[in-house]
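Could you put the whole structure together from the sequences, leaning on the hints where they help?
Protein chains: 6
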Amino acid sequence: MRYIGELRDGEMLKEVYLCKQKQVLKTKAGKSYYSLLLQDKTGTLDAKVWELSNGIETFDAMDYICVDGQVTSFQNSLQLNIKRIRKCQEGEYSEEDYMPVSTKNIADMFKELLVFIDQIKQPHLKKLVDSFYKEDKDFVKAFQYHSAAKSVHHGFIGGLLEHTLGVVKMCDYMANNYPVINRDLLITAALFHDIGKMSEISRFPENDYTDDGQLLGHIYIGTEMIGERIRKIPNFPAKLSNELKHCILAHHGELEYGSPKKPAIIEAMALNFADNADAKLQTMIELFQASDEKVEWIGYNRYFETNIRRSSEN
Amino acid sequence: MRYIGELRDGEMLKEVYLCKQKQVLKTKAGKSYYSLLLQDKTGTLDAKVWELSNGIETFDAMDYICVDGQVTSFQNSLQLNIKRIRKCQEGEYSEEDYMPVSTKNIADMFKELLVFIDQIKQPHLKKLVDSFYKEDKDFVKAFQYHSAAKSVHHGFIGGLLEHTLGVVKMCDYMANNYPVINRDLLITAALFHDIGKMSEISRFPENDYTDDGQLLGHIYIGTEMIGERIRKIPNFPAKLSNELKHCILAHHGELEYGSPKKPAIIEAMALNFADNADAKLQTMIELFQASDEKVEWIGYNRYFETNIRRSSEN
Amino acid sequence: MRYIGELRDGEMLKEVYLCKQKQVLKTKAGKSYYSLLLQDKTGTLDAKVWELSNGIETFDAMDYICVDGQVTSFQNSLQLNIKRIRKCQEGEYSEEDYMPVSTKNIADMFKELLVFIDQIKQPHLKKLVDSFYKEDKDFVKAFQYHSAAKSVHHGFIGGLLEHTLGVVKMCDYMANNYPVINRDLLITAALFHDIGKMSEISRFPENDYTDDGQLLGHIYIGTEMIGERIRKIPNFPAKLSNELKHCILAHHGELEYGSPKKPAIIEAMALNFADNADAKLQTMIELFQASDEKVEWIGYNRYFETNIRRSSEN
Amino acid sequence: MRYIGELRDGEMLKEVYLCKQKQVLKTKAGKSYYSLLLQDKTGTLDAKVWELSNGIETFDAMDYICVDGQVTSFQNSLQLNIKRIRKCQEGEYSEEDYMPVSTKNIADMFKELLVFIDQIKQPHLKKLVDSFYKEDKDFVKAFQYHSAAKSVHHGFIGGLLEHTLGVVKMCDYMANNYPVINRDLLITAALFHDIGKMSEISRFPENDYTDDGQLLGHIYIGTEMIGERIRKIPNFPAKLSNELKHCILAHHGELEYGSPKKPAIIEAMALNFADNADAKLQTMIELFQASDEKVEWIGYNRYFETNIRRSSEN
Amino acid sequence: MRYIGELRDGEMLKEVYLCKQKQVLKTKAGKSYYSLLLQDKTGTLDAKVWELSNGIETFDAMDYICVDGQVTSFQNSLQLNIKRIRKCQEGEYSEEDYMPVSTKNIADMFKELLVFIDQIKQPHLKKLVDSFYKEDKDFVKAFQYHSAAKSVHHGFIGGLLEHTLGVVKMCDYMANNYPVINRDLLITAALFHDIGKMSEISRFPENDYTDDGQLLGHIYIGTEMIGERIRKIPNFPAKLSNELKHCILAHHGELEYGSPKKPAIIEAMALNFADNADAKLQTMIELFQASDEKVEWIGYNRYFETNIRRSSEN
Amino acid sequence: MRYIGELRDGEMLKEVYLCKQKQVLKTKAGKSYYSLLLQDKTGTLDAKVWELSNGIETFDAMDYICVDGQVTSFQNSLQLNIKRIRKCQEGEYSEEDYMPVSTKNIADMFKELLVFIDQIKQPHLKKLVDSFYKEDKDFVKAFQYHSAAKSVHHGFIGGLLEHTLGVVKMCDYMANNYPVINRDLLITAALFHDIGKMSEISRFPENDYTDDGQLLGHIYIGTEMIGERIRKIPNFPAKLSNELKHCILAHHGELEYGSPKKPAIIEAMALNFADNADAKLQTMIELFQASDEKVEWIGYNRYFETNIRRSSEN
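Protein chains in written order, with this note's numbering: chain F, 600 to 913; chain D, 600 to 913; chain G, 600 to 913; chain C, 600 to 913; chain Y, 600 to 913; chain L, 600 to 913.
Read the hints as simulated data drawn from the structure, not as lab findings. If a hint is listed, it holds; no wrong ones were tucked in.
Because identical chains share one entry, a pair is satisfied inside a single copy or across any pair of copies.
In the EDC-like style, the derived pairs of lysine to aspartate or glutamate whose C-alpha atoms are separated by at most 20 Å in a straight line are: (1) 625 x 605; (2) 726 x 912; (3) 749 x 807; (4) 838 x 895; (5) 879 x 853; (6) 879 x 771; (7) 838 x 807; (8) 630 x 605; (9) 613 x 696; (10) 831 x 811; (11) 640 x 694; (12) 893 x 659; (13) 686 x 805; (14) 861 x 811; (15) 893 x 810; (16) 640 x 696; (17) 838 x 810; (18) 647 x 667; (19) 749 x 696; (20) 625 x 608; (21) 893 x 811.
Quantities reported herein were computed from a predicted structural model and do not represent experimental measurements.
Rendered as structure tokens:
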């Protein structure tokens with residue numbers, strides 16, 4: 600496959616890409632044309648269809664299309680002038696080529712997660728966790744595939760799983776080292792803390808904020824998801840339910856970061872530390888990956904509000 | 600009835616009060632005694648039972664008890680030395696004498712609220728509102744009785760109703776004057792914006808924060824209550840559901856005031872304005888009531904972060 | 600009239616516009632030319648006069664000029680190449696065509712305002728209000744014509760009147776529903792709260808911040824205007840004068856929003872709520888008007904610090 | 600004179616004090632008595648008049664009274680039991696003994712100020728300054744006598760003068776060392792920057808916030824005082840008037856410190872620096888004076904938000 | 600030994616305590632007496648020596664003294680009336696009885712720390728760490744004994760070691776799980792991050808802020824200690840030195856928490872997370888220990904700015 | 600010399616400039632070329648070397664090079680097309696022509712500083728100051744040459760000296776006028792307060808943040824420099840050392856401005872006022888210099904967070 604990141608000015612191209620956006624515009628002369636945004640896992644490419652002839656099949660945004668045209672340069676960026684478009688069928692392309700994906704093996708990560716799940720002993724929490732992670736195949740499939748962000752950290756296929764595993768592991772460390780922590784409660788909360796993102800952000804290839812995502816946010820959505828499931832588990836202790844839901848609500852740590860309550864129990868605090876640490880360390884890792892290896896100071900970062908620098912190698 | 604606010608040093612007393620708190624303590628000499636907090640609608644009174652004899656019947660905190668003893672003065676405060684206690688039966692006392700209550704007629708306020716409810720036309724919202732305010736008798740009874748706060752504004756019987764009515768009326772004003780507002784959505788949101796307080800704060804006479812109240816907060820609780828009921832109404836439009844839930848989530852206006860989302864739609868903004876205005880105007884009214892009428896400057900108020908002054912009379 | 604918003608690339612044009620800005624520049628070759636910004640109520644247009652010949656009459660910024668030329672396209676924007684310019688006389692054009700104007704009838708709004716004015720009973724406040732709104736014809740004319748902002752909300756002819764009326768009406772609602780409020784004081788404060796803007800922002804067509812506006816601000820200017828007039832009314836009670844001036848000083852609600860004092864009396868609070876609500880609801884309305892009706896999420900707004908969305912229709 | 604700071608438990612006393620507060624209270628037995636707060640420059644003393652007999656002349660708060668009684672100790676504080684009270688006449692006491700007063704000579708400080716006043720050359724500023732500091736005898740008398748605060752820094756007779764002189768001198772330093780500064784403008788602004796305090800705080804012996812002080816603040820009041828006087832000076836340049844008023848409005852430097860505008864011109868910045876430096880250095884000096892000389896770390900200070908320490912001696 | 604926490608009103612007592620404070624005061628009658636604060640590991644006790652006779656040996660604050668007297672009750676607190684005092688010699692008492700001490704074994708914790716120290720491979724870091732933790736016996740002794748705070752978390756003997764170990768272990772976890780982290784750098788930084796506290800807080804029994812502590816703070820002091828030692832290690836790489844010192848400077852994470860730089864490298868971030876998590880989890884543990892086990896909600900905590908609650912047991 | 604600020608489109612040029620940056624890039628066709636940034640004291644100029652022939656000598660960034668080429672215009676900016684480059688020798692150019700330099704005479708300023716240095720009497724402070732400013736020739740040379748900033752205020756040769764002198768003089772003013780100030784301590788602190796900038800920012804012509812600058816900051820670096828030197832002065836009093844170092848650490852005044860401690864002693868406060876005032880007044884002066892003299896309002900400034908205006912002339 601010819602990846603977008605490798606294209607050069609002037610080359611003729613026939614390749615399948617994901618059509619991320621499609622706009623019908625008019626030239627000043629009043630003639631309609633298409634302005635497209637094509638995507639593969641290496642990036643995006645602006646494309647134009649100036650002649651809406653027979654060679655251009657009907658397609659929509661989010662379709663995979665086979666495009667035929669020439670790469671040109673416009674205002675320092677590459678652009679594709681498309682002559683033909685054919686809509687592709689499932690099987691003609693491999694989704695992984697078109698979307699960013701975790702560098703780690705998804706099946707392996709999920710297996711690692713199951714080990715922690717199997718250690719939960721409190722019977723109601725166990726029932727709750729199993730009802731999602733063992734019995735709900737649709738959930739499991741979607742969970743493994745989802746990203747944890749539109750951009751920033753873990754914004755790729757498998758990202759939600761990778762982040763959840765990272766948080767669960769750090770919570771496991773804390774439960775082992777600070778025995779006052781209720782281990783089952785903390786691990787359960789870690790497993791569920793970001794599942795609201797499965798509604799907040801749409802599935803790949805779109806991976807964008809949904810209407811509920813913007814209006815309600817993953818903190819509310821995830822807590823309500825848990826609340827609904829808990830009501831179906833007989834005799835789930837009210838106190839434990841409150842604690843679990845509190846952990847999810849409070850996991851951003853501060854009201855100004857979108858948690859409607861600050862952590863009031865030690866497990867909510869521990870979850871907040873683990874979530875924050877995993878998210879920020881991964882953000883740093885992605886910053887390093889996205890910048891030239893030879894550059895030490897990789898510039899000001901708005902999220903961290905400071906300049907960032909690679910450190911001496913191990 | 601002899602109210603707490605009228606008691607004087609030295610008087611002999613036999614009267615029924617609500618026992619708000621009960622502690623079993625020991626004197627330095629090691630003898631057990633009771634330290635009680637008695638309450639009626641005019642205030643609270645510290646009381647001691649030094650001799651735990653036959654004359655002291657068994658009772659618990661939150662019981663209504665008939666106490667027999669003498670008022671004394673201790674460190675500038677009045678205190679009651681109790682000789683006898685008898686636990687009272689329902690019927691021996693009138694709850695209204697023991698708890699703060701709205702100065703307005705509760706039945707009248709509820710009738711006024713029903714007028715607004717009957718104006719809602721959008722069928723799903725109508726079904727949702729009716730399911731609470733018309734069909735759910737337990738809800739209606741509890742709603743009318745509940746306070747809207749432990750202290751601060753509307754912290755009395757009927758307070759939740761009075762505040763809800765105040766907010767609904769101001770929202771009605773705004774819907775009438777700014778036609779871009781979706782009237783049915785805004786009135787519905789106003790009707791439900793604080794119902795989470797029915798779980799956040801326990802019923803009178805206790806009127807204190809509950810475990811869910813402290814861990815989850817009325818914003819989350821109320822939104823989840825609506826979410827649960829919506830799922831039972833067939834074909835409730837997802838977009839409308841998001842909007843309504845968003846209004847409740849966002850009604851504190853800012854993340855740092857406990858809303859996990861800022862108002863993104865005009866109805867959420869309008870609800871925030873109405874809630875804020877009714878709450879703060881009522882807080883001022885209660886400050887005026889609680890202070891000497893002749894004093895103009897009634898001192899620094901931490902909630903408003905300024906000194907407060909009565910203004911010239913109309 | 601051919602409005603700027605309707606022009607197309609290539610068309611020949613002869614039309615009267617307001618010249619908002621005029622710069623004399625030099626080409627690289629050292630030849631002088633004019634760079635103009637033309638305006639009508641539909642927008643602005645960049646224009647160039649490359650040849651400063653006899654056909655170009657003498658004119659200044661803020662003159663109405665009749666321009667003769669051709670529309671071209673430069674870097675995706677339209678531009679006018681002007682061949683001839685004639686300065687227009689009053690009468691040749693209608694100001695309303697060249698500036699944004701309230702969608703409501705100005706005379707009707709002012710009549711509505713007078714109804715509230717006539718309800719003021721306190722004699723000193725009545726004298727003060729009448730001295731501006733009934734006896735001072737220059738004030739009344741300028742007030743009706745003024746905008747309430749350079750951009751943001753109510754930034755059009757009649758905007759100050761429209762906003763003042765909106766605030767007065769909401770204050771009237773509050774005075775009616777919270778009887779502790781001193782109605783005459785609140786309505787008077789509402790009527791005057793933004794009159795400082797008449798000095799802070801210059802008259803249309805300029806509608807820009809003045810030197811006093813930037814150095815002193817409308818809060819100070821308006822309060823001083825009232826203070827000066829009060830000194831001419833015999834026996835105006837000092838206390839009432841302090842209260843009225845305080846309402847104006849404090850109407851932004853917080854020090855960080857430019858009020859040198861926080862609201863200390865209930866009327867100042869009520870005015871702050873009404874001002875804030877009317878300003879923000881109108882800002883939302885203008886955001887909706889400025890964006891494509893079919894787009895639900897109209898993007899991040901810096902003033903509200905959140906993404907904004909249209910809600911379901913009534 | 601027997602000062603309050605030197606009184607001892609048990610001593611018999613006949614002395615003149617200022618009666619700062621007077622309350623008529625009732626004992627539990629229902630008998631009326633007076634609770635007084637007596638003051639001299641060394642502090643205050645709680646006093647009681649238990650028998651309201653002939654020996655107790657009629658007097659009010661803020662009167663100077665000759666009291667006759669015995670010092671006792673109550674809850675670790677001294678208290679005076681008064682037997683006789685006689686209201687004093689002017690001449691029987693010297694005000695300086697009853698109020699805190701500047702350690703510097705008031706006449707000398709005013710002379711030093713006049714030197715700076717005489718250096719002002721710009722004719723309109725000169726006229727304005729002279730109209731207060733040379734021609735307005737009442738102003739001059741009151742200005743010299745006034746404090747600059749209720750407590751904190753310069754809260755004593757002559758305090759406003761001492762602070763004004765300190766600020767003028769530092770402004771003079773800055774004008775000399777940063778020639779871009781308009782010297783006359785800066786010195787004039789410094790001379791007037793706190794004159795609003797003459798209305799914000801009542802005269803000694805009361806020295807408390809007034810109604811206008813609390814509602815309007817010295818920043819607004821002072822600026823309006825200048826504005827009013829400027830209108831009486833023919834042809835005072837509008838630009839210069841704006842600049843001078845801006846300096847006063849902006850002299851607190853930040854909106855959150857009560858300035859409705861931030862400094863926009865260099866003179867306003869310089870004034871803010873000088874005012875801030877003189878106020879804080881003097882606050883430190885007063886903290887040192889109020890604490891034991893042998894103590895190095897004199898504790899946490901809320902104004903500075905840090906622990907404060909004396910430094911090594913010169 | 601008779602601990603302070605077990606004393607009762609009226610008992611006669613002869614016991615050794617640490618004299619934390621000693622003041623010489625005068626009764627109203629002018630007679631000198633001593634007011635002492637006695638301490639053991641269970642708390643403090645107010646004590647008075649009314650008769651300064653032969654039975655009272657010479658002693659100073661921070662001496663261990665054997666006191667002979669009777670426990671009485673004064674204003675709801677116990678107080679000791681001392682008849683005799685004898686200054687004790689080393690050997691007569693065991694320091695551990697008089698000061699709070701870690702619940703963990705100090706020698707064991709130090710051994711655990713040495714394991715991590717031995718894993719450091721980078722030669723310059725190894726030399727630096729060894730120069731403190733292996734070769735500097737005085738340092739090792741003082742480090743093991745020191746507390747990490749005056750109060751709040753780890754404010755006991757062995758506290759600095761316990762906290763350092765907690766942070767090192769969490770850093771070890773992070774280095775193992777996020778391979779981009781430079782392990783040697785992070786572990787070294789963790790080992791040194793709070794050594795400045797050895798100068799900031801005086802040794803037990805005083806355990807109070809020192810003059811350098813208050814003026815310079817442990818962040819600066821610790822970084823300078825490392826900087827000084829680094830200069831003695833030949834060819835220590837400048838870049839590595841900068842990174843290590845940066846980690847210590849930045850370990851509070853934000854400027855407003857006293858770090859003069861925000862974390863710019865991933866090791867500084869990781870250290871900040873580990874320090875924060877260990878400190879806050881330990882603070883929670885100490886809050887639980889200090890409160891009644893049966894109470895769920897243990898009240899508002901100023902450090903966490905929320906109410907705190909025990910969670911369900913494991 | 601032909602300065603960059605005077606170049607015009609089309610002119611042929613042969614001149615020596617400092618090569619601030621040098622990048623080797625490739626055209627789309629794959630051919631290598633140089634993209635340079637040339638600098639003199641009047642500004643910078645983008646330059647290209649399209650043909651890497653014999654005429655282009657070997658050179659690096661930060662070399663002075665003699666360039667031969669033609670000025671062209673590209674996207675509204677001037678650009679130089681270079682045909683030949685020759686690397687220059689010291690002596691062929693005068694550094695002062697290539698870098699911004701103080702408008703004041705460096706030798707004169709240093710002499711003025713020495714007067715203050717000679718007034719220091721406290722023997723240890725005197726020894727410390729002399730060890731830098733009199734005995735350390737390298738320090739003196741570098742100090743005189745250094746800038747005080749990368750951009751903002753005093754970002755030119757001699758800037759550190761000019762700013763230090765400005766601060767010392769204002770401190771001298773304060774020591775003279777507030778006698779409680781320890782003069783020697785304050786003047787010494789002022790002399791050293793920014794010397795950390797000599798490591799934080801590299802020497803001209805680079806004048807950019809160094810690795811230690813970014814990781815440690817000039818506050819830490821400067822304090823450590825003083826700490827190191829103090830250790831070499833026998834019997835330097837610990838208290839005085841703490842005070843001096845505290846002044847440097849605290850001279851930014853607030854934690855959020857990068858000081859790890861707030862000023863706790865009066866000299867630290869005074870230094871903070873002087874540093875702040877000199878820096879901001881100079882920033883204003885540079886803003887005036889950088890803008891058109893005829894423009895009154897010179898626009899919004901992010902550092903001051905307000906619009907800035909020239910004031911009326913003296």
